[in-house]
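4 protein chains.
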Amino acid sequence: MAKGSTKRDVERRKKSKFKVGVVGATGYTGVELIRLLFLHPDVSLEIITSQSKAGKKISELQPSLEGIFDKELEPMENIKDHELDLVFLALPHRVSMDFVKDHGLDDFRIIDLSGDFRLDSATLYEKWYEKEHVCPEYIEQSAYGMPELNRDTIRNSDLVANPGCYPTSTILALLPLVKGGIIDPKSVIVDSKSGVTGAGASPKTFTHFPNQFGNFFAYGLKHHRHTPEIETILGTVSNDPLQVQFTPHLLPIDRGILTTTYSQPIKAINEELVQDAFLNFYEKEHFVRVIDQPPTIKNVRGSNYCDVYATYDERTGRVITISAIDNLMKGAAGQAVQNMNLMFGLIEKKGLESPPLNP
Amino acid sequence: MAKGSTKRDVERRKKSKFKVGVVGATGYTGVELIRLLFLHPDVSLEIITSQSKAGKKISELQPSLEGIFDKELEPMENIKDHELDLVFLALPHRVSMDFVKDHGLDDFRIIDLSGDFRLDSATLYEKWYEKEHVCPEYIEQSAYGMPELNRDTIRNSDLVANPGCYPTSTILALLPLVKGGIIDPKSVIVDSKSGVTGAGASPKTFTHFPNQFGNFFAYGLKHHRHTPEIETILGTVSNDPLQVQFTPHLLPIDRGILTTTYSQPIKAINEELVQDAFLNFYEKEHFVRVIDQPPTIKNVRGSNYCDVYATYDERTGRVITISAIDNLMKGAAGQAVQNMNLMFGLIEKKGLESPPLNP
Amino acid sequence: MAKGSTKRDVERRKKSKFKVGVVGATGYTGVELIRLLFLHPDVSLEIITSQSKAGKKISELQPSLEGIFDKELEPMENIKDHELDLVFLALPHRVSMDFVKDHGLDDFRIIDLSGDFRLDSATLYEKWYEKEHVCPEYIEQSAYGMPELNRDTIRNSDLVANPGCYPTSTILALLPLVKGGIIDPKSVIVDSKSGVTGAGASPKTFTHFPNQFGNFFAYGLKHHRHTPEIETILGTVSNDPLQVQFTPHLLPIDRGILTTTYSQPIKAINEELVQDAFLNFYEKEHFVRVIDQPPTIKNVRGSNYCDVYATYDERTGRVITISAIDNLMKGAAGQAVQNMNLMFGLIEKKGLESPPLNP
Amino acid sequence: MAKGSTKRDVERRKKSKFKVGVVGATGYTGVELIRLLFLHPDVSLEIITSQSKAGKKISELQPSLEGIFDKELEPMENIKDHELDLVFLALPHRVSMDFVKDHGLDDFRIIDLSGDFRLDSATLYEKWYEKEHVCPEYIEQSAYGMPELNRDTIRNSDLVANPGCYPTSTILALLPLVKGGIIDPKSVIVDSKSGVTGAGASPKTFTHFPNQFGNFFAYGLKHHRHTPEIETILGTVSNDPLQVQFTPHLLPIDRGILTTTYSQPIKAINEELVQDAFLNFYEKEHFVRVIDQPPTIKNVRGSNYCDVYATYDERTGRVITISAIDNLMKGAAGQAVQNMNLMFGLIEKKGLESPPLNP
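Protein chains in written order, with the numbering used here: chain A, 1 to 359; chain B, 1 to 359; chain C, 1 to 359; chain D, 1 to 359.
So that you can see chain A by itself, here it is in the shape it has in the complex:
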């Protein structure tokens, strides 16, 4: 945790607004960050970058922003020309770490939305991401950016690894059970279903509209990169080693993740105990809503909320939990802004108060 953070913040707070930049602004996560930062009352979005599209206005590429936010994309190098407080990295995995290595954390704090700093060791990273980590020294310095788990660490961190979309939905669906020692940490099965924006903005055969429309399928069985992230993070709050069976599926919708988990209790429990564990754990959390019926994706669309439902099946002796998030919000840009608010000492929900878009 960089000592310098607090000092910088105090200094900045005297100014009217914090200055931030988005690196890699043309992907889905970048555009969602722009949508949120544009409205944020305490932040000024000073620079947005793109290597391949530099010189164009973001609104040429994303006409929804036409007349709202027409800033020109700049090359990444220009980051140095602005006295930024914080930079969001919306870059691909395995590219993001190069930026961190090159720029360090002295000039600005970083929230990295890729997977490059989420795992707790270079060895684990290299196993699942199949590339050598270029700056393992920063892994240790980084905080995992899930406020519900890690609020204080995030506040004081100069490098925040913003969680993956599936891990966010999964960890929030399991945290009270694992931290509370309620379930066997080896028994966890996670069946997740995500909208197609989770696959990124580049057209692929399986994301071609006629191939997705009316369709549904699993992918990445046994080997999805979010598996070690879930295990690492939940492992930090588990008494015993934890292992998850993680199976992602692709839903024919644009936004949203619904995650269903199954696990085995390790002590005598009942419905009430399970629900209370969730109600108590998330009592003060603004963005986690513990509800009494299975959540739906549309009830969180466009918002930073995570709806969670937990139940116990007496017949089978299993705990079932279900969570719903918007993968681009609580699963990416929304949570990044929540982290930024913490890092800047702002009210945590600032700029994230828009209710879900339903219908």
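Hints are computed from structural coordinates only; laboratory data are not their basis. Hints may contain errors.
Chain copies aren't distinguished; within one or between two, either way the pair holds.
Pairs of lysine-lysine residues, derived as BS3-like cross-links and limited to a Cα-Cα distance of at most 27 Å, are as follows [unchecked claim]: (1) 57 - 17; (2) 56 - 284; (3) 350 - 101; (4) 284 - 57; (5) 101 - 131; (6) 350 - 71; (7) 71 - 284; (8) 350 - 17.
Position chains B, C and D relative to chain A; hints supplied.
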């Protein structure tokens, strides 16, 4: 135009916030109003009503609002218990006018989102809505709530008839042509396509998911009630009598209207002239974006923007224009809030600045 | 098993075509039966019934059949006026058994597509369907109509209980594991996802298009009626008592079910063993395709195929299997026709040879 | 019209089945042809070709065909190794004509599904397709493959230019009006809406699922290549020169086209006259269903039917017609098989009798 308006406003402005209510809060338009008013910095939503659901929290019926806006629904009668500045009527056609008749305009101003005060005579109303108008005296007092057409009148009105969704998309796509005397007002063909929220929140056979999914069709040919609304309003700015051929279609999406219009010029024109007519007409309009390619519904989703494109086909000698709106926003609740801002002397875009949700 | 079956069949085979009827022809299952029976070369669809719509042509209610199959709907009583070989019951649960009780099996054989004869005891039925069974004596006589499990019994049965949609996808995804004694029958978790036609043809709030579009959610946790069906049927081939954790979800598509199962092996196994178990078990099955990648719903749309994938996760020690069917075909009408073919001694795939509709 | 046709046919008819091939079998049209030809009782699909995928089984690329039709893709050159009666060209525009030039019509008849032989002159072709026609001599020999317009010519032709999808829906929606001299041939406006399979099987940015989902837009205004095709073909049955305003839109569904047309009568007409014109014109047509309400895409999905509705608006004096087809069936592969049936002297609906897939 009620003389009292200005006086009341001045008085209110001394207070911290304007007080408003939503009558008929459980339909799609009502819920969308709540979503917007909840965030509006200068407004306090004092009461929401529902006859059939009074006593329940709105968030029980619309769980997307859980923990955000949990206000209890009250019976309509309670309107009188709050010192409201303005009431939004999100009631069905033919019901809304009863409220106006019963409550009048002395206690609060009204924005009516139904069709009951949009046409300019009781006779025309009775022909298309097949019911006697219960308070024709208010028709004359009412302003048609399209700021781009009618800004000053709205400001000073105590009863604003909020435009229909199809008429909004159609009128904005034709206004510069009709007002500019560019096209033959008898030649207008309007081919509109709307998302299913336009059909309301009550399940019907044709809105049953399996019947709409992968489907598309026209309906209400020749007889849709929005036809006289379009003709009446465009007629007020046309030199000669105007008649439109209006054909609505139902799109298998939730939100959005795209309207394609065809018309015949009445003088020698070219591409540039047509485009300039639109650029000039909407130059100072915040919510109408004149763009240089055909608009898409997703670029306005969840926002109050209307994207408009106009072109001239030299080969055929026809003008083609296309507009896109979110039917629940610029086509209903968004435009209602825009009107409210005008009526309260607020900045017109207050509370409507959220960029479209795309992707 | 009625001894009379064979005799009747021999007699019928001399005629040109078998005569069949569909009772309850206006629901989704009824219409799908008509679509299939209309094309079947060896069958004549003599009568279709509907209590509420008798007197109307089916093509008035289902215009896709206009000019193709315009037969008039008759009241159920008219069944007796036709010398039918077989009647399909496409009636709701708890109604179907009344027909069987009233008509018996002497005049024609019956394939019942409801849940009324799928469970093996009236007691179990009454527990899950919350109604007394009106003719428990027929439960014993009935055969569970899944040819891959039960071919010979079906051939000779006069009353076939056509499987439920979820059970079909689940049982086919687990049969080689359970019958082969490969997995712990207490460890089975079934996470299913179904298109909305599975919820029937009547509009409901949760099937209203705007509520489903872009949405996804679980429902019926712990208590879905297909749970005892899966347990009963798989239990018949299991060495030890079997129990499943069954969680259905609703997909925003019209047709199709994808089922993901998780289970624990009870002996040392590996990937090859699991895959071979499926390849061997289904080697001669025309309608079950064992494939080497996760199946997709669209690859079976409109067809009677069930695609199955099985794998073993060495890391976690779990078996995962995934199946995909069209819920109206292999999950209802298609399987019913497959059963009919068996009962009539026809080639099993007769009338079911149309490839899936993809794209 | 090739004299040789009849002789060849007579010869072939003595054999059990006609032999056909599909060139360019991996696109959407190719796969749909396979789906239909596989089931056709009088045809043997001898060869399917692909330049880039030769050597692979079609079912590897299109797993819906797994176990149903696993034939290997061959290079185009192998066409000569089979004694084919007819070859379907499912190649891109501007490529198809090379095949015709190279192979001629002596060895087999050709149905070309591209646009290369649809226009009536090389000059017109070159203007709209921006490429020199390599074999203009074949243009004259070719028949436009719309049986409802051209049945006899098709029967005797050796080269059939299968109509475009938009033109099919448009021409069928206008034929009775134009041929009957009912409308002003200069007044025709065509507002068409197509599913995304119409854009082909290659992923593009605008067909990326998140960009299409919940979206809708117009494209190709004023300049779409189907414009001259519609004008050419309708022009052949029009007394006076015909010109259409054609505007295509992209629907967020996989299959289907709905076309709405507007035109001006040139004589006194009424509702009855218009409807009778359609009923009479299509009285004997199996695949055109004249219906008394606006058609829907889902009522023709997966079938070769075209549903047409025609009405007259007395108020405005305009004729409105609406047609619905499945773009891959009546708009491509289905119509090609219908043409093949004619060319082979088979019953026209052979192999095309499957009812639409609805729901």
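Of the numbered hints stated previously, which ones are contradicted by the structure, given in increasing order? 3
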